[in-house]
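Student: In order, the protein sequences belong to chains X and H. Using the UniProt record's numbering, you'd call the opening residue of the first sequence number 1 and step up by one each time. Using the UniProt record's numbering, you'd call the opening residue of the second sequence number 1 and step up by one each time.
Hints were generated in silico from the structure; no laboratory data involved. Beta carbons are placed, not taken as given, at the ideal position from N, Cα and C, and that holds for glycine. Do not take every clue at face value.
[As the list claims (entries may be wrong)] Straight line, CA to CA, 27 Å or less: simulated DSSO-like cross-link-like pairs of lysine-lysine:
1) Lys2(X) x Lys194(H)
2) Lys62(X) x Lys70(H)
3) Lys226(H) x Lys201(H)
4) Lys9(H) x Lys194(H)
5) Lys110(H) x Lys9(H)
6) Lys118(H) x Lys70(H)
7) Lys64(H) x Lys62(X)
8) Lys204(H) x Lys150(H)
9) Lys268(H) x Lys149(H)
[To be verified] One side of the interface only, derived from the structure: several residues of chain H facing chain X at Cβ under 8 Å:
10) Asn78
11) Gly82
12) Thr85
13) Gly96
14) Ala99
15) Val103
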Amino acid sequence: MKICVSSLNKEKNAKMDQHFGRCPYFSIFDTETNAFEFLENAGVTANQGAGIAAGQQVIDEKVGVVITGSLGPNAMRVLHGGNIETYTCQGGSIEEVINLFQEGKLERLESAGPAHSGMGHK
Amino acid sequence: MKIAVLSGKGGTGKTTVSTNLAKAMGWQYIDCDVEEPNGFIFLNPKIIETREVTIPVPIIDEEKCINCNKCAQICQFNALAGTNTGIIFFEKLCHGCGACTLVCPVDAIKEEGRVIGKIDIGKSENISCIRGLLDVGEPMAPPIIKELKKLIDEKPTVIDCSPGSSCSVVAAIEGTDYAVLVTEPTEFGLHDLKIAVELVKTMKIPFGIIINRADEENDLIVRYCKEEEINLLGRIPFDRKVAVLYSNGKLLVEDKAYRKEFEELGRKILGVKACNSLL
Numbered sequence: 001m002k003i004c005v006s007s008l009n010k011e012k013n014a015k016m017d018q019h020f021g022r023c024p025y026f027s028i029f030d031t032e033t034n035a036f037e038f039l040e041n042a043g044v045t046a047n048q049g050a051g052i053a054a055g056q057q058v059i060d061e062k063v064g065v066v067i068t069g070s071l072g073p074n075a076m077r078v079l080h081g082g083n084i085e086t087y088t089c090q091g092g093s094i095e096e097v098i099n100l101f102q103e104g105k106l107e108r109l110e111s112a113g114p115a116h117s118g119m120g121h122k
Numbered sequence: 001m002k003i004a005v006l007s008g009k010g011g012t013g014k015t016t017v018s019t020n021l022a023k024a025m026g027w028q029y030i031d032c033d034v035e036e037p038n039g040f041i042f043l044n045p046k047i048i049e050t051r052e053v054t055i056p057v058p059i060i061d062e063e064k065c066i067n068c069n070k071c072a073q074i075c076q077f078n079a080l081a082g083t084n085t086g087i088i089f090f091e092k093l094c095h096g097c098g099a100c101t102l103v104c105p106v107d108a109i110k111e112e113g114r115v116i117g118k119i120d121i122g123k124s125e126n127i128s129c130i131r132g133l134l135d136v137g138e139p140m141a142p143p144i145i146k147e148l149k150k151l152i153d154e155k156p157t158v159i160d161c162s163p164g165s166s167c168s169v170v171a172a173i174e175g176t177d178y179a180v181l182v183t184e185p186t187e188f189g190l191h192d193l194k195i196a197v198e199l200v201k202t203m204k205i206p207f208g209i210i211i212n213r214a215d216e217e218n219d220l221i222v223r224y225c226k227e228e229e230i231n232l233l234g235r236i237p238f239d240r241k242v243a244v245l246y247s248n249g250k251l252l253v254e255d256k257a258y259r260k261e262f263e264e265l266g267r268k269i270l271g272v273k274a275c276n277s278l279l
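Use the sequences and the hints to build the structure in full.
Tutor: Right under this line is the structure:
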């Protein structure tokens, strides 16, 4: 299974980003191969619908779990439409976040936060 | 002839200038500030007809859809997402371009009109008055503005634009013969005026400036107009009488002296317009 974490940079020691739609990178960890992959988020450059573009990208990557801070309503609809499980985490490095998830210490994210909360976010 | 009234900065007096000009000259009035049209407060027209404005949005037939995701891939506005459980459509993001319908290989997409607002057509004594009204929560004003502009005939028409210099303003001033830029003698007024000037110059629309709430002879706008050799059409003084009329929802042309001023202004606009068309 592939686990995707919204990230501020493209390495496993990078910090998790609290935003999903406009986070700069996605860190994708494959539990079968224990390998990391880092992708630029297509949502960053979207004029509108960043969360939707980001969600679509994650679906296309065949991810099973998304871990982030909060999700906007549109991103939530897309991810859940793609049968992706969503979890929330307070923060930490990508590696720490993935460990917490595997230890079953993260909470499910079932309700959307406010729309556009990542706009203007650097 | 189409005359656009815009400003850059909000609250400088676009509607004051547009409504009074229309009334003084007997010109048709069109309120293209569809997010908050307020010209009808002053013109108080009797509304004769109301029309809905729609944009075409995709309706996906799930029986026919093969989940190829081509529609989601072509959408430039992220209004469609392809998921395992089918295509998800976000109507507020759809610009109604029709690309999804074109690329669908199995004809699973049909277009249907989605109402985003309305147009009111009315009459206020001698002049016809039209306004667009975008529904609350709708993000796109240009489709309504474009519909409004289809209603303009050969008669002289004043187009009251929204503030700023965004898509809504571009849609409103496109194809107009002359632009009146209304500003106020403040730093903010000048700053945003410069952006509006850049816009009308880029769109090659001849223009002139009106200073509202003018209280000194040689203010920063007057100096700017001199430096840039821009035609200063007129000044509306910072006058208590204006404020009182406005606060009562009345037009300034109800006052004889102001009616003369606006008639003068109207003639001036017709004059510069005529000169421009000779160039």
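Student: What are the numbers of the hints the structure violates, in ascending order?
Tutor: 1, 5, 6, 13, 14 and 15
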